[in-house]
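Chain by chain, the residues run as shown.
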Amino acid sequence: MQLCVEPNQSQAKEIKGETMSGRVIVITSGKGGVGKTTTNANIGTALARAGKKVVMIDTDLGLRNLDLLLGLENRIVYTIVDVVEGRCKLKQALVKDKKNPNLCLLAAAQTRDKSAVTEEQLKDICEELKKDFDFILVDCPAGIEQGFQNAVAGASEAIVVTTPEMSAVRDADRIIGLLEAKEEIKSYKLLINRVRPNLIKSNDMMSVEDVVEILSADLIGIIPEDTGIITSTNKGEPIVNDEKSLAGQAYKNVARRIIGEEVPFLNLEEDTSVLAKVKKFFSGLMGKEK
Amino acid sequence: MKDIFTDFYNTILGFFRQTEKKEENAKDVACNRLRVVLMQDRTNLTPELLQRMRQELIDLLSKYVEMDKDALELNFDQEGGQMALMLSIPVLRAKDEAEIEAEEEKTEADEEESDEEIESEADLPEAEETEEDSENETDDPEKEASEPSDADETEQTKEIEK
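Here the protein sequences come in this chain order: A and B. Mapping of the first sequence onto my numbering: residues 1 to 290, in sequence order. Mapping of the second sequence onto my numbering: residues 1 to 162, in sequence order.
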């Protein structure tokens, strides 16, 4: 019992003792559809589950989706544009998560375009949020135009999401080049999403090592392709809440690494894909025959 | 029933073996294509410039060695964070000093022209001119005679750090 109580106390102390100076992390990729928003929702939820105060900012004005992945689409009253244009206070616009009171969302406006918020305004919002939160996760729109510039403006760290596909890696390289040119960004880490171990095994897909070598960036996470992501998106429930999911576990590990823990990367070799199961089944049959 | 399964299994296995046997699998092709395209992205080195660089390297090196110009390879390789330009030159034979001196005299004669050319680097016509230069060189009767001789005697790899 004592063992259980002690860490809780020290955790409480930690939160009270530090006058909050949150870390602002932008999650970006260049290419669309590689899983930026999914990554954002899951890392945010995992960090909040670990007891951190987290706010997520959706900067994809006109194409907001983070609210959907979190199942918060019906709770949005004010958006980031309302804050910027003075129709509400920043705190009023923060939507609390259904399950986790540590988790908040500042939604993007769906009816406006990228020019509705400036880099300076986003910087100010991040500065303001730093006082009250441990982590500010900024969901960046695809592309390298103004939307990207805005999202990056307030951040000091970045997570570059890519997949082991040529176009995604090329765009990630471009993004890394742009991030390196930004003085405010102190560090960036690579997250490789939608990894398919069976395709890598048959040499049909670039491996994690290949991508890391080509981009020569530090790795913070390897997320296996998981059909559960589709159902979790449909339900508006991040996959980290599904204890059985391998992708959920991988996202939780990313969150732990962000906090500073050293967590070994998941072994994806033990393939759970359908094809592997079929192969296993047949090799079992063949074995019996002999 | 079992036969159907066995057939199916063999087809699947055969498919995998087939992909494994291929000299260049999809993964390697992707990696190599990416390396080239990223080098171009990172350095703004266009295919035209690359071609020009290749030609100029041939011009320079043919002063000292005879090589199989068609088999010359210019590729990018990455070691850690460093991009490296890998030049693989199939050398037919080295030239002797008399030949090198003859080449030198020839280049000195051309120098006045080329000086002007170097100053305007971005001009495309220049690239064409250098190509023409090399063509003239290949026309050299002495060289043509020795060219069909056994190729790839030595393969020399030269690395030029970016």
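The hints are simulated quantities; they were obtained by calculation from the structure and are not laboratory data. Be careful, since some hints might not be right.
As the list claims (entries may be wrong) - When the alpha-carbon atoms are kept at most 30 angstroms apart in a straight line, the in silico DSSO-like pairs for lysine-lysine are as follows:
hint, chain 1, residue 1, chain 2, residue 2
1, A, Lys235, A, Lys99
2, A, Lys31, B, Lys27
3, A, Lys131, A, Lys244
4, A, Lys131, A, Lys98
5, A, Lys201, B, Lys27
6, B, Lys63, A, Lys189
7, A, Lys201, A, Lys131
8, B, Lys63, B, Lys27
9, A, Lys235, A, Lys182
To be verified - Far from chain B, by Cβ distances over 10 angstroms, these chain A residues were calculated:
hint, residue
10, Lys186
11, Ser187
12, Asn203
13, Ile230
14, Leu246
15, Phe265
What you are looking at is a predicted structure, and each value in this text was computed from that prediction instead of being measured. Yeah, the Cβ is synthetic: ideal placement off N, Cα and C, and Gly gets one too.
Cross-check of the supplied hints:
1. Straight-line distance between C-alpha atoms of Lys235/A and Lys99/A comes to about 14 angstroms, which keeps the hinted pair within the 30 angstroms bound.
2. For the given pair, Lys31/A sits about 20 angstroms from Lys27/B by alpha-carbon distance, which is consistent with the 30 angstroms threshold.
3. Between the alpha carbons of Lys131/A and Lys244/A the distance comes to roughly 35 angstroms, so the proposed pair goes past 30 angstroms and is violated.
4. At roughly 23 angstroms between alpha-carbon atoms, Lys131/A and Lys98/A fall within 30 angstroms of each other, so this suggested pair holds.
5. At most 30 angstroms may separate the alpha-carbon atoms for a hinted pair to count; Lys201/A and Lys27/B meet this at roughly 10 angstroms.
6. Taking the CA atoms of Lys63/B and Lys189/A, the gap is near 48 angstroms; set against the 30 angstroms cutoff, the hint is violated.
7. Annotation: proposed proximity of Lys201/A to Lys131/A is violated, straight-line Cα distance about 47 angstroms (limit 30 angstroms).
8. With a C-alpha separation of about 39 angstroms, the suggested pair Lys63/B and Lys27/B falls outside the 30 angstroms cut-off, and the hint is violated.
9. Distance check on the hinted pair: Lys235/A and Lys182/A sit about 37 angstroms apart at the alpha-carbon level, beyond 30 angstroms; violated.
10. Every beta carbon of chain B lies more than 10 angstroms from that of Lys186/A, the smallest distance being close to 18 angstroms; the non-interface claim holds.
11. For Ser187/A, the requirement that its beta carbon stay farther than 10 angstroms from each beta carbon of chain B is met, with the minimum near 15 angstroms.
12. With a cut of 10 angstroms on Cβ distances, Asn203/A falls inside the contact zone with chain B, its closest approach being about 4 angstroms.
13. For Ile230/A, the condition that its CB be more than 10 angstroms from all CB atoms of chain B holds, with the nearest at approximately 25 angstroms.
14. For Leu246/A, the non-interface assignment is confirmed: its Cβ lies about 22 angstroms from the closest Cβ of chain B, beyond the 10 angstroms cut-off.
15. With a closest Cβ-Cβ approach of about 19 angstroms to chain B, Phe265/A is found to remain outside the 10 angstroms limit, as its non-interface label requires.
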